[in-house]
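2 protein chains.
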Amino acid sequence: MLQTLAKGFQRSLRQSSIHHPRQLPFLPKRQLTTMAKNEFYQYSIITALMDGAASDGIPISTLLENGDHGLGTFIDMFGEMIVLDGQVYQMKSDGSIVHISSPSTTRTPFACVTRFEATSTSKASLKGADLKQEINQLLDSHFPTGRNHILAIRMDGTFARIRARTAGGQCKPRESMMAVAERQSEYTFQNIKGTMIGFRCPEWVTGLNVVGHHLHFISDDRQQGGHVLGFQTDGEVEVQLSLLPKFSMELPTEGEFNKAGLVVDAEGIAACE
Amino acid sequence: MLQTLAKGFQRSLRQSSIHHPRQLPFLPKRQLTTMAKNEFYQYSIITALMDGAASDGIPISTLLENGDHGLGTFIDMFGEMIVLDGQVYQMKSDGSIVHISSPSTTRTPFACVTRFEATSTSKASLKGADLKQEINQLLDSHFPTGRNHILAIRMDGTFARIRARTAGGQCKPRESMMAVAERQSEYTFQNIKGTMIGFRCPEWVTGLNVVGHHLHFISDDRQQGGHVLGFQTDGEVEVQLSLLPKFSMELPTEGEFNKAGLVVDAEGIAACE
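These protein sequence lines map, in sequence, to chains P and S. So for the first sequence, the numbering used here puts the first residue at 499; every next one is plus one. So for the second sequence, the numbering used here puts the first residue at 499; every next one is plus one.
Any given hint could turn out to be false.
It does not matter which identical chain is used: a pair holds within one copy or between any two.
What the hints assert, rightly or not - Derived DSSO-like pairs: lysine-lysine, alpha-carbon spacing no greater than 27 Å straight-line:
#1 757 / 691
#2 691 / 630
#3 590 / 535
#4 535 / 757
No lab work stands behind these hints: they were computed from the structure. Just so we're clear, the structure is a prediction, and the values are computed from it rather than from any experiment.
Okay, chain P solo, but in the shape it has when bound:
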């Protein structure tokens, strides 16, 4: 999320303080998961998205059986997914946000979740100048021996500034994630209250998922959000963390996944994220 953006990204739309007339209702925590706490689950692999395999996937309801905290995308990479307290939101490139009220009829080609239960809770202020290092210092202070494990991250509070992007979706079948990313919308939110949800993954996830931090954001009023590119907190935010020593993954057995070349492109993934 924190890498220099590829040149093509500069064409992206920049907006701030977009007005959304319809506020989404506040929804209670939903618990569908049958998974043990703090285990990592993902459907498909990021390399399949890089190869443009995004036309089918599992129902969101199946995803929610495996966790209540996470992120991902939707069919044809149409928007960013955030899974917060078992509720799923689709954050679209036009700035609108849709609550997935019928998880059994909406599908995802790639997503990752955990049944999150924080084992470490603290408050932290992040200035965003060298955010990657700041986040690493924060996480390492709580999990000094956790660098080889996936960590689940949740931050709640007021953010002075968030730079976020939302993918607009594929224009044609099998269009690569790199091509989709070139058309993404980019937003800057200021003085915004909300929640960041995501993970920090070690290098061994290369090809499977995003190495490093990967955070999605949604505002408390559920009107603004996206894939986080950078941010700065407004004073302290609440930070909840857990370490996920078990990893499980389910792969598509039909369709585009089987046809994809799946040549791991670590640099390409980093450029997109």
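Mind docking chain S on chain P? Use the hints.
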């Protein structure tokens, strides 16, 4: 398994038709697993072995809860593991083979298993001239859309020739798998009846496991075996296969794993395997 051996390997011991006075008893299939059929499970990652993190692990009994067919190694990389019908054997570099009769008191730092149930059974003759291509053709003929999935492989029959190696173990803590491999013993078995057990893994396992074919062999009399480097069948052998679309992995949360650099070295892994 089929790569050109590194120079250091040439120092390895070469023997054939070793005599083993004590024959291991034939053991019935043991079923401890609670895992669903044809799901892939692994403990730790191959990159941890590359980094020499091999001094601790899970009990073999825990491994067997996750599958009855597979391979791996033992504490300090002392020998090759084969899991056949839920029975586990340690194949040592001195040519001896030990049946693990007490799985709860023997541990593994790295192993992978499945609860194997073949969905495809056939007979095949493999000449071994270009074995990698021959095996791929065989597997692809049964799973034409399976190239992006892990396949479980079992071959039973008479082999005209098998070239195998067994790792002798670490000489000091944290010694790398590459260094251990330089001291491995290499054997050639001729006209030998037995079973090959293993997997073919796609490129996305890079860093986690061995990309390509990975087979271990044990003779029917349980006197000879090892990590397969090459082979030729004597006529047809029985080939059983299944496709494993679910992947699960458990990582060590203490000890050497946390200290290891875990920098993925795909070429190094290939050279060792």
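Okay, the hints, checked on the actual structure:
Proximity of residue 757 to residue 691 under the C-alpha cut-off of 27 Å is found in neither arrangement, the shortest distances being 43 Å within a copy and 38 Å between copies. For a Cα distance limit of 27 Å, the shortest separation of residue 691 from residue 630 inside one copy, 21 Å, qualifies, whereas the shortest one across copies, 56 Å, does not. Taking the shortest Cα distances, residue 590 and residue 535 never come within 27 Å of each other, neither inside one copy (30 Å) nor across copies (39 Å). Only between protomers do residue 535 and residue 757 lie at most 27 Å apart by alpha-carbon distance; the minimum there is 25 Å, versus 34 Å within a single protomer.
Taken one by one, the earlier hints fail for this structure at numbers 1, 3, listed in ascending order.
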